[in-house]
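Based on the provided sequences and hints, a complete structural model is requested.
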Amino acid sequence: MDIFKIIDKFQQIDGDAVGRLEYASRRHFMNRIGSKLAAAAIPTTFAAVVNKAFAQSAAAVDVLNYALKLEYLEDEFYKAGIAAANLIPASDKAIFTQIGKHETQHVAFLVKALGAKAEPKPTFDFQYGGAFGDVFTNYKTFVTVSSALEDTGVRAYKGQAGALISDPQILEYALQVHSVEARHAAVARRLAATLLGNASMKGWITGKEGAVAAIYAGEDNMEQGGVNIKGLASKSDAAITEAFDEPLTKEAVLAIAGPFIK
Amino acid sequence: MNQHTNTKNTSGKGEEEITSVVNRRLFLRSAGLATSLGTIVIAAGCNDDDDDPMIPGTGDTVDLGSGDIGVLNYAYALEQLEAAFYTQVIQTPYAGMTDAEKAILTDIRDHEIVHRDFFKAALGDKAIKGLTPNFSGIDFSKKDAVLGAAKLFEDTGVAAYNGAGKLIKDAKYLLLAGKIVSVEARHAAVIRDLIKPKSTDFAGDDIIDMNGMDKAVAPADILAAVKGYVKETVTGANVGK
Chain A
214 MDIFKIIDKF QQIDGDAVGR LEYASRRHFM NRIGSKLAAA AIPTTFAAVV NKAFAQSAAA
274 VDVLNYALKL EYLEDEFYKA GIAAANLIPA SDKAIFTQIG KHETQHVAFL VKALGAKAEP
334 KPTFDFQYGG AFGDVFTNYK TFVTVSSALE DTGVRAYKGQ AGALISDPQI LEYALQVHSV
394 EARHAAVARR LAATLLGNAS MKGWITGKEG AVAAIYAGED NMEQGGVNIK GLASKSDAAI
454 TEAFDEPLTK EAVLAIAGPF IK
Chain B
13 MNQHTNTKNT SGKGEEEITS VVNRRLFLRS AGLATSLGTI VIAAGCNDDD DDPMIPGTGD
73 TVDLGSGDIG VLNYAYALEQ LEAAFYTQVI QTPYAGMTDA EKAILTDIRD HEIVHRDFFK
133 AALGDKAIKG LTPNFSGIDF SKKDAVLGAA KLFEDTGVAA YNGAGKLIKD AKYLLLAGKI
193 VSVEARHAAV IRDLIKPKST DFAGDDIIDM NGMDKAVAPA DILAAVKGYV KETVTGANVG
253 K
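Just so you know, the sequences run in chain order A and B. The first sequence lines up with residues 214 to 475 when you count with the numbering used here. The second sequence lines up with residues 13 to 253 when you count with the numbering used here.
Simulated from the structure, these hints should not be mistaken for lab results. Even glycine gets a Cβ: it sits at the ideal position worked out from N, Cα and C. Possibly wrong hints are sitting among the right ones.
With a cut-off of at most 30 Å between alpha-carbon atoms, the simulated DSS-like pairs for lysine-lysine come out as follows [as the list claims (entries may be wrong)]: (1) 114(B) <-> 443(A); (2) 415(A) <-> 443(A); (3) 448(A) <-> 114(B); (4) 227(B) <-> 306(A); (5) 353(A) <-> 208(B); (6) 253(B) <-> 184(B); (7) 282(A) <-> 253(B).
Chain A stretches covered by chain B per the calculated footprint, using a threshold of three residues with CB under 8 Å from any CB of chain B [unchecked claim]: (8) 397-404; (9) 415-421; (10) 454-463.
Below you can see the structure in the form of structure tokens.
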């Protein structure tokens, strides 16, 4: 009953078996292995777990494809930025290489999770119809767009949490990606603050301040859980709005992202 | 707890054993470790002096409760810890804290206090009591120690919210948790960037997996990980159930 041998066998047939096992709920898997299963039953269990990881409702497929579109956008954006000569200074290269790596991983994950249901990669216009004409030649523009994309990503994932509530495992993956986008956003915002000389641009969003108004609409919300929390803990409105990130609807996000998509 | 007590009680004790039990108890208390272990030893050693103020009663165990209330109390417990930590950081700044660092740490303190007070208000009479933090292991005079602890708390907070999300039944609460977890992730990234500026650490390979995903950790594991930072024993066996 050597589970590693079994996984090895799977790998000979399916090179991604181990990777997919990662996606499967480990606890679920281990619980099943831990029960009194005959060795012969193990391969069946393994397959069942992998299927379970990818089983998804129509709502989830919809959310995953929406996420995929945004991840494609981010992934292509950083690939182009990193490839552009004399754009990212050596001192900041590590940051954008790391962010780009994660976006590539997010795309790969979503493509795998969706399988045949994955929608194709759109063609992008990173100059945003001319608004960011120098995005790959002017580092300030690049960092501004990066921070805007990351903050949008955070708001977009957050807006979909409710739609995934009946797909707990997919919800968890979405949350795990969501917080990574927030880490990216914090660092991109701090870089932008330095480059643009805007000290009030912090790792967190104050009120609805931001480079692109539509992206920050509603971030100044003072009502949480149906209660107005103005003056909570004697803190300023600024601190209170910083303490909560707000969601964006899919429609709002697609309106923001629209000009990026050809 | 009762199981342990019963086992101990049936063992029978001589004078010497009781003395050593008392010594251990004092030692544990002075070490700030009067948690479950302390309670077990005390219950076993001293059956008749429950009124002794040195002996923590059952009040030392805090049960987070069940269902969504349990999840909210779980978040409230973690936010209490974070708020207390940053309050201390700002009260006793480490040597050489720059203005920029102070501004960031003050912001984070305020966010955590807002989170804490928000959960307290939202939970109303279902809120757990105020916990007693134990930061005796953290040297607040040293930058490395403070930022190292901050990094641990923030990364733990992110993993905790990520792991609790799927336990939440009500979409309104799920969204609230989502609104907070990304702020914790922003904190984590900024603290990590303060420790190792301009490196990959803000979303380092030590914390983000091969799928570009942050950690998601179940409440029981988080509670075990932060146990040393709380004087009470926090139990969350029914969180989300």
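Results of checking the hints against the structure:
1. 114(B) <-> 443(A): holds, 24 Å
2. 415(A) <-> 443(A): holds, 21 Å
3. 448(A) <-> 114(B): Measuring from Cα to Cα gives roughly 17 Å; hence the hint holds.
4. 227(B) <-> 306(A): holds, 25 Å
5. 353(A) <-> 208(B): holds, 23 Å
6. 253(B) <-> 184(B): Between residue 253(B) and residue 184(B) the Cα gap is close to 17 Å, so the pair holds against 30 Å.
7. 282(A) <-> 253(B): violated, 35 Å
8. 397-404: holds (count 5)
9. 415-421: holds (count 3)
10. 454-463: holds (count 6)
Of the numbered hints stated above, the single one contradicted by the structure is hint 7.
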